[in-house]
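Chains W and L are the protein sequences, given in the same order. Each residue of the first sequence is one higher than the one before, counting from 513 in this note's numbering. Each residue of the second sequence is one higher than the one before, counting from 513 in this note's numbering.
It should be emphasised that the hints constitute simulated quantities derived from the structure, not laboratory data. Just so you know, not all the hints are guaranteed correct.
For identical chains, the list gives no copy identity; a pair is met inside one copy or between any two copies.
As the list claims (entries may be wrong) - Derived DSS-like pairs: lysine-lysine, alpha-carbon spacing no greater than 25 Å straight-line:
no. : residue 1 : residue 2
1   : 687       : 574
2   : 838       : 646
3   : 936       : 1045
4   : 616       : 601
5   : 574       : 806
There are 2 protein chains.
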Amino acid sequence: MGEIEKQRIARLQKLLGEAGIDYYIVPTADYHNSEYVSDYFKMREFLSGFTGSAGTLVVSAKEAGLWTDGRYFVQAESELAGSGIVLYKQQEENVPTIQEYLGKNVAGGQTVGFDGRVVDAFFGKELEEIFAGKNVTIAYERDIAEALWQDRPARPASKVWVVPEKSCGMGVPEKLAKVREKMTEEGAGHLLLAKLDDIMWLYNIRANDVACNPVALSYTWISQEGAVLFIQPEALTDEVKKHLQENNVACVDYDTITAYLNNCEIAGKVWCSGADISYMLYRLVQSRAELVDKENPTELMKAVKNPVELCHIRECYLKDSAVLTKFLFWMKENAGKVPMDELSVAAKLDGMRAGVPGFLELSFPTISAYQSNAAMAHYSATSEHFSRIEAEGFYLVDSGGQYEDGTTDVTRTIALGAITDEMKLHFTKVACSMLRLADTKFLHGCTGRNLDIVAREPLWACGLDYKHGTGHGIGYILNVHEGPHSLRWQYRPELQETQFEEGMIVSDEPGMYVQDSHGIRTENIVEVVKEDKNGYGQFMGFRHLTYVPIDLDAIDTQYMEPSDIRRLNAYHESVYKKLSPFFEGEALEMLKKATRAV
Amino acid sequence: MGEIEKQRIARLQKLLGEAGIDYYIVPTADYHNSEYVSDYFKMREFLSGFTGSAGTLVVSAKEAGLWTDGRYFVQAESELAGSGIVLYKQQEENVPTIQEYLGKNVAGGQTVGFDGRVVDAFFGKELEEIFAGKNVTIAYERDIAEALWQDRPARPASKVWVVPEKSCGMGVPEKLAKVREKMTEEGAGHLLLAKLDDIMWLYNIRANDVACNPVALSYTWISQEGAVLFIQPEALTDEVKKHLQENNVACVDYDTITAYLNNCEIAGKVWCSGADISYMLYRLVQSRAELVDKENPTELMKAVKNPVELCHIRECYLKDSAVLTKFLFWMKENAGKVPMDELSVAAKLDGMRAGVPGFLELSFPTISAYQSNAAMAHYSATSEHFSRIEAEGFYLVDSGGQYEDGTTDVTRTIALGAITDEMKLHFTKVACSMLRLADTKFLHGCTGRNLDIVAREPLWACGLDYKHGTGHGIGYILNVHEGPHSLRWQYRPELQETQFEEGMIVSDEPGMYVQDSHGIRTENIVEVVKEDKNGYGQFMGFRHLTYVPIDLDAIDTQYMEPSDIRRLNAYHESVYKKLSPFFEGEALEMLKKATRAV
Chain W
513 MGEIEKQRIA RLQKLLGEAG IDYYIVPTAD YHNSEYVSDY FKMREFLSGF
563 TGSAGTLVVS AKEAGLWTDG RYFVQAESEL AGSGIVLYKQ QEENVPTIQE
613 YLGKNVAGGQ TVGFDGRVVD AFFGKELEEI FAGKNVTIAY ERDIAEALWQ
663 DRPARPASKV WVVPEKSCGM GVPEKLAKVR EKMTEEGAGH LLLAKLDDIM
713 WLYNIRANDV ACNPVALSYT WISQEGAVLF IQPEALTDEV KKHLQENNVA
763 CVDYDTITAY LNNCEIAGKV WCSGADISYM LYRLVQSRAE LVDKENPTEL
813 MKAVKNPVEL CHIRECYLKD SAVLTKFLFW MKENAGKVPM DELSVAAKLD
863 GMRAGVPGFL ELSFPTISAY QSNAAMAHYS ATSEHFSRIE AEGFYLVDSG
913 GQYEDGTTDV TRTIALGAIT DEMKLHFTKV ACSMLRLADT KFLHGCTGRN
963 LDIVAREPLW ACGLDYKHGT GHGIGYILNV HEGPHSLRWQ YRPELQETQF
1013 EEGMIVSDEP GMYVQDSHGI RTENIVEVVK EDKNGYGQFM GFRHLTYVPI
1063 DLDAIDTQYM EPSDIRRLNA YHESVYKKLS PFFEGEALEM LKKATRAV
Chain L
513 MGEIEKQRIA RLQKLLGEAG IDYYIVPTAD YHNSEYVSDY FKMREFLSGF
563 TGSAGTLVVS AKEAGLWTDG RYFVQAESEL AGSGIVLYKQ QEENVPTIQE
613 YLGKNVAGGQ TVGFDGRVVD AFFGKELEEI FAGKNVTIAY ERDIAEALWQ
663 DRPARPASKV WVVPEKSCGM GVPEKLAKVR EKMTEEGAGH LLLAKLDDIM
713 WLYNIRANDV ACNPVALSYT WISQEGAVLF IQPEALTDEV KKHLQENNVA
763 CVDYDTITAY LNNCEIAGKV WCSGADISYM LYRLVQSRAE LVDKENPTEL
813 MKAVKNPVEL CHIRECYLKD SAVLTKFLFW MKENAGKVPM DELSVAAKLD
863 GMRAGVPGFL ELSFPTISAY QSNAAMAHYS ATSEHFSRIE AEGFYLVDSG
913 GQYEDGTTDV TRTIALGAIT DEMKLHFTKV ACSMLRLADT KFLHGCTGRN
963 LDIVAREPLW ACGLDYKHGT GHGIGYILNV HEGPHSLRWQ YRPELQETQF
1013 EEGMIVSDEP GMYVQDSHGI RTENIVEVVK EDKNGYGQFM GFRHLTYVPI
1063 DLDAIDTQYM EPSDIRRLNA YHESVYKKLS PFFEGEALEM LKKATRAV
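Bound conformation, chain W alone (with noise of 0.2 Å):
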């Protein structure tokens, strides 16, 4: 075991002693910096072995070494075991970071090296910051491994396709329009977007190259008086052709990025942000003109849903809360009488998803985790470990979809049967808090930061937390985790934080983890709306769009005020009234009783 891996970062380490560089890092990431990473990609794993989502191996001629985090200590240190790959565990005491590493092991006159495309421009300025005045050379343009992997899978190439202007609202033109309007107000003549969901936004296209975000591989060079995608010709249908070109969005194959932007006349500064681009090319165009480095224009853009899309949106939150609802009453009735576990009752529902019309794909793996799994951040049941799920104890349960009209998020943690005192407080005060932040009204200028305390307050008041943020942006047929926008408390004053402006979707999502016991999670989404404006400012709150009822058999009213009380009554009237067209029969009794008033 291990042995290929073994031979595999030896021939690297030749390889790396003929190109000159003394340590070579291998990161998890595409040429975007996606949440997901396909196959093509997933060269870390290829010289690893380790098949876990997160990783980066740095190799030298006296080791090789794996960071990953607590997630994986287990799984990885199974799948190194023979590689002689040293195993560094993140954030455990005494283990150096990758740059803590590097900076104590690079010597001065020594090279150190990675693929520029897959490493973000701002680890490469950390690593510049770190060798500076120490004449290391930092060596990313030639990826090394690449000779080693004969049989590396085919890069994703599918096709695009349009997103009709009835489902998009806001056609080419005009959206290029305002991205135009922003650059003359940065003074930037050029406009470079690597981010994909950016790109697919701009130009009402989608297209399925990356796992669970439905974009197209490509880039895009904005100027005032033109725009050019960067694509795979093979990604292209002539449908897609027609509509570029009535868009004058002139059409360059994906592969000549580099070339391009070596050769083409730049006027003025180019606006190419930092954060969302890989070394290579912030270098490039670095060498070539003076930078605005900043938030792409397209990011707040996009985050404000426009009224087209809002109404897709509504429609197509309900027939997936429908859905869920369906499957939540399913497994309360047939838990402990049919034989069930977190990856079958998974499956069931992501079946029962797929038969909504107007799925696509899953916005994300479904995350299915029964009793104590569910304390465990980012738990994700895999066939050599997953939970068999009886009567009793809590299930959670968090899932979305892609469809043609929408992407949707949503958690529900449900009893099946007996559950502790404590595990009814933990769950009232977590549903308290989602309903509550929910029916905040604030003033027009408030950010996530302002908000966050509306809902972790019912949980702070017993000394409880959840270590994550409240909520985050969820784009449209696009990434189900969207910026700029969020809800979290903690001061970073280096963040930039933007408002709650009309038209916004954000996750409402408090939880409560007890390890080696519990889990609970409930997330509503919900769009950022107008209400009244008066003499002290314009008045802003939220409207559910997530209409699943919150299990009564975990709520317990004596932890309650009667206006928390009021508002889950008022929920679930409301979810009654949106649902009940999808029920009939038995379903719509049940649904009935599960929106009952307490």
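With chain W held as given, fit chain L onto it using these hints.
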């Protein structure tokens, strides 16, 4: 009327012509940007005749203009009549700011002047930006108007006194060591402080050079080896000289600061906070060394009160709470029975406070506002404009004292007779706001921007708001307004936020203001305390320092959650417990009734 000022302006214009200055700015400030300006520094009032506490005069050959804010429009119009000075009403539509006025009117080749000692570096740098590339000279080294003011009052030079170590809890050597540690961290060889309360804190001294602020005009220059205090020689007693000498602080004449900084040896960078220093000194230091332009290191140290200070503060707030409570009882008993007005009752309260052991002076001029007057921000009754008080409606009093053992600040609003349902609603919501915030438990790391919504939410939920911050820090026998922490919600990326630390004290003062009707504010001071520490982190909370009943005659429990009622009753129970030692007989009965459970 206005003839004298007309002549003064004309004579100033002549002097400006001789000095080659085209626009001359006279702000309302001393050399230290103090909150209150002593008579010696009232040059703007001398030249213009306008006696308001805020305003800036700009004089050119063709015009003299006075800028002031909404509080003073009526007064300024009347006081400027006949002087020929044009009134610029700040924030009115189409009224330029001073910056806009100068930007538009000052031509290339012209000179803008001011006394660089009374203009802060922030404003000076703004002017530099406005005139960048315009060939405009900024002349800041002479006080041109000085020659006109023959009978100028003497500059204050009150006697300095030493705060005994049993009162301040930390000696000068320890404070200097902490400051020098911070200087080392920032790589600064020297630190220049001009902020008077920071200097008083550092050397454990106090004085009386600024109304309501127990400070002495001074500067200090600190290096790793030594510390120099620039202070008026007549302010020093033998005791103070001995104290400073024992602590290795050299005393130098206040007026030699410029000469000293021009000639002293400077090794390395100079730490000098641009927000807290005059433009003249900023430019001087800038010409001699590289600057570290960051918040004074003393700012945060001073804000975190030590256990000895806290012990005194808690006692001080009790006696101050008792005297205010007695005053409020007297008001409620006597309104409508004995003649009273805003000024007479303020004088009565000030007199009662003066009788409290350890009283030094007021910590700010008492705000005594009846009915609709309380709806005006910064209302201040004057002998020309004040209201009689009857047995109806709301009376608001915001007041505080400087004592030998602390600085207090407290606001209460009381019903003197019949009030409307709307007034009850507003009063009840404000009381809930204040008490909820004081009762909030939060994780260490929170800043005022996280917590502000806890106070504001009960009002926001009704579409209401108060257009001021929720809270500010308070000094210890020092300024009643102190940084660096605060409670506010608006996002201003350029503003550094400060986490709440154990031992900070902060005001909790929500309000509600309805023009032409009523104004409500309920203000307690709270200290930041540690609560439990567990796997989620260090929880923090607040503890009341102020114990004054909240008028139950204006509370309507229908607007409260059960938890709000519990909170109010618990607060009143502790008010009774803490204050009863200060009361006896009939007054004790009144206290019992005022703090009864509802």
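We went through each hint and held it up to the structure:
For the homomeric pair residue 687 and residue 574, neither the shortest alpha-carbon distance inside one copy (52 Å) nor that between copies (51 Å) is at most 25 Å. For a Cα distance limit of 25 Å, the shortest separation of residue 838 from residue 646 qualifies neither inside one copy, at 62 Å, nor across copies, at 71 Å. Taking the closest pair of Cα atoms, residue 936 and residue 1045 come within 25 Å of each other only across two copies (23 Å); inside a single copy the shortest separation is 39 Å, beyond that limit. For a Cα distance limit of 25 Å, the shortest separation of residue 616 from residue 601 inside one copy, 17 Å, qualifies, whereas the shortest one across copies, 62 Å, does not.
In this assembly of identical chains, residue 574 and residue 806 lie within 25 Å of each other by CA distance neither inside one copy nor across copies; the values are 40 Å within and 45 Å between.
Hint violations for this structure: numbers 1, 2 and 5, all remaining hints satisfied.
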